[in-house]
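Trainee: Residue-level listing of the chains:
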Amino acid sequence: MNSWIPFEWTAAIRFLKEGRMQTAFIITGIAIGVAVIVFMAALLTSLQSSFISLVLTSQPHIKIIPQDELARPLRIAQPGSEVLRVEQRPAQRLRSIDQWQSINRQLWKRTDITQVSATLSTSALAIRGDTTQSISLTGIDADSYFRIVKIPDYLKLGTPVLGSDSIIIGTELAKNLGVTIGDKFNVTGANNAAQILTVSGIFDLRNEGANETNAFVALRTAQTLSNLAGGVTTINVNVQDAYAAQTIAETIETSTGNKVESWIKTSADFFAAVRTQAISFGIIEGFVGLSVAFGIASVMVVSVIQRSKEIGILRAMGTSQKQILTVFLLQGGVLGFFGSLAGSALGGAAFVIFHTVVRQADGKEIFPFVLQPSLFVIAILLAITTGVAAAAMPAFRAAKLDPVVAMRG
Amino acid sequence: MVDASPVLKLEAVSKTYNPGTPAEVEVLHQIDLTLQHGEFVALMGPSGSGKSTLLNIIGLLDRPSAGGLFIDGQNTADLNDSELTSLRGHSIGFVFQSHFLISAFTALENVMMPMLVDQRFPNAAMRERAHTLLAEMDLDKWEDNLANNMSGGQQQRVAIARGLAMNPALILADEPTGNLDTKSTDTVFEMMRRVNVKDKTTFLIVTHNLDLAQRCDRIIEVVDGRIVRATK
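Sequence order for the protein chains is A and B. End of the first sequence sits at 409 in my numbering; the numbers just go up one at a time, nothing left out. End of the second sequence sits at 232 in my numbering; the numbers just go up one at a time, nothing left out.
So that you can see chain A by itself, here it is in the shape it has in the complex:
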């Protein structure tokens, strides 16, 4: 016992040490609670990171497309008269974005944009022998486009190289056409423009529909097949902060006059799912935290009752109410600290084991391993706060004890 350690700290630690069985049980209880919270938070972070990575590597943050074509009335109403008209929405032709090269240059100048890639999306027919299948053909500049949509990451066979007569297709389309790397098949686009293309890569986007219909060719090949020489239908953009995509999209729409969509708007369902998941986890964590708090509070209430005579004598020898209050608040905080230390280690270890043991059928990880040190810091700080808050009521009760009544027991 030293004077440089405040009396409150010394008393708090000694009281906890003296009731070591009680202390051990409650620290175990807190550790289990914190372990559940750490494990679930790490799992949620990893799953969300996996989902977001999946969404963001398979689509651009922002897409710029031409405005829809509208019917233009030929007769204008004169002052004092009205024109009654029935407008029919016109069919949307395949159109290029006006001045897309200029827009491209403009976008590259922005510091919040990291990647720009112009593409041409059209529909076509894949024909091999008697087999004909409609496909969604995207003409790309492979170098820039693959920095936005990570097709090379999903390649099962071949290489992500696109010449003027090569094509990258999905596994299902390859199966349906009966082709593999180096095989050729006919692709017929709009106005019967056709070209024989060689399969240079086969990807698996882990989505049967996407694997069956999507195919990638060089931009110039797509322009030829769609009779849209020099044109593009989409400008794909990636930004520094993916979560700022919607705001950036709005500024691009204003400056270019084109239709601009961000992944946040087009993936609203995904965000709702992520939010629901986070809320569910939060509720579970909240209840676990509450049970930990009640555990600490019940131990502290018992401790105050057990030590009422000692509190009385401490008050009699000049210990202030504030000092008594601090002794019991500190006990709550110390319990929270040591419980959360053990719980963080336990939860972290459980997460490591879970990530190692639970795997996909092919042995690959189900989700990326994301265990940030800040999670442990937050868990420890929250546990200390919970411990102090849970000890507050018993601590106030101890501080308010009448020394005479307390010593009488």
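Hints in this document: simulated from the structure, not taken from any laboratory. It should be emphasised that the depicted structure is a prediction, and the values quoted were computed from it without experimental measurement. Hints should not be assumed to be uniformly reliable.
Examples of chain B residues toward chain A, derived with CB under 7 Å [stated by the list, open to error]: (1) D62; (2) L84; (3) F94; (4) Q97; (5) F100; (6) I102; (7) M150.
The C-beta atom is built at its ideal place from N, Cα and C for all residues, glycine as well.
For chain A, the structure is supplied; the task is to place chain B on it using the hints.
Mentor: Quick look at chain B alone, frame taken from chain A:
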């Protein structure tokens, strides 16, 4: 030889519980009492006579309903709880029948406790003072023992040493030998007397033991909340 200035003065002190209710009861009536520095006084009386209430009021653990209480000339009526706690810590030492040592601490640490609470003493000075007091109580070999591992007589001597730690002007002892055998009773009493003579510390000892009371400077007898006799 005693100092002339009083360490404690009670002027017409009364204590009423549950005032203004049907359960109202006055347990102390117009108590006048003066203790001089260095006095060694016994307080006697039958159970329920108001001795403990009087001791609690003198020890600033309870407030009188009426009358004045002066410690070393300071009127306590105007002090708030915090000031009373501070005055109690510095001027009054307590020794109780049931020792009330803090079981989580050693004998030495229990004696250091009032100084530690006070937060003004350097570590070395605190230890030295506690060690000296325990040595005076013939407990220097036991100073590292936890309070629970000592006999009743030893614990009571530790409690006396703790009561003396802040060098208070007044020690209030509530039946300090009540739970001790005859030999331990004599030892504890003699040690309190030795401190009283050596340091001129005033003792007010509640006891039912007439033999012990007769060895004190004065005997004050309380019956039904009134001082009925004060004999030398």
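Trainee: The structure should be examined with respect to each hint, and the outcome stated for every one.
Mentor: Hints, verified against the model:
Nearest Cβ of chain A to the Cβ of D62 (chain B): about 6 Å, under the 7 Å cut. The hint holds. Taking 7 Å as the C-beta contact cut-off toward chain A, the hint placing L84 (chain B) at the interface is violated, the least distance being around 10 Å. For F94 (chain B), the interface hint holds, the least distance from its beta-carbon to any beta-carbon of chain A being 5 Å, beneath 7 Å. The interface hint given for Q97 (chain B) is violated, since its Cβ lies 10 Å from the closest Cβ of chain A, which is over the 7 Å cut-off.
Evaluation of the F100 (chain B) hint against chain A yields a held restraint, the C-beta minimum of about 4 Å falling below 7 Å. Interface restraint check for I102 (chain B): the shortest CB-CB distance to chain A comes to about 5 Å, inside 7 Å, so the restraint holds. Given hint, M150 (chain B) at the interface with chain A, is violated; its Cβ is 16 Å from that chain's nearest Cβ, farther than 7 Å.
Hint compliance for this structure: hints 2, 4 and 7 are broken, all remaining hints hold.
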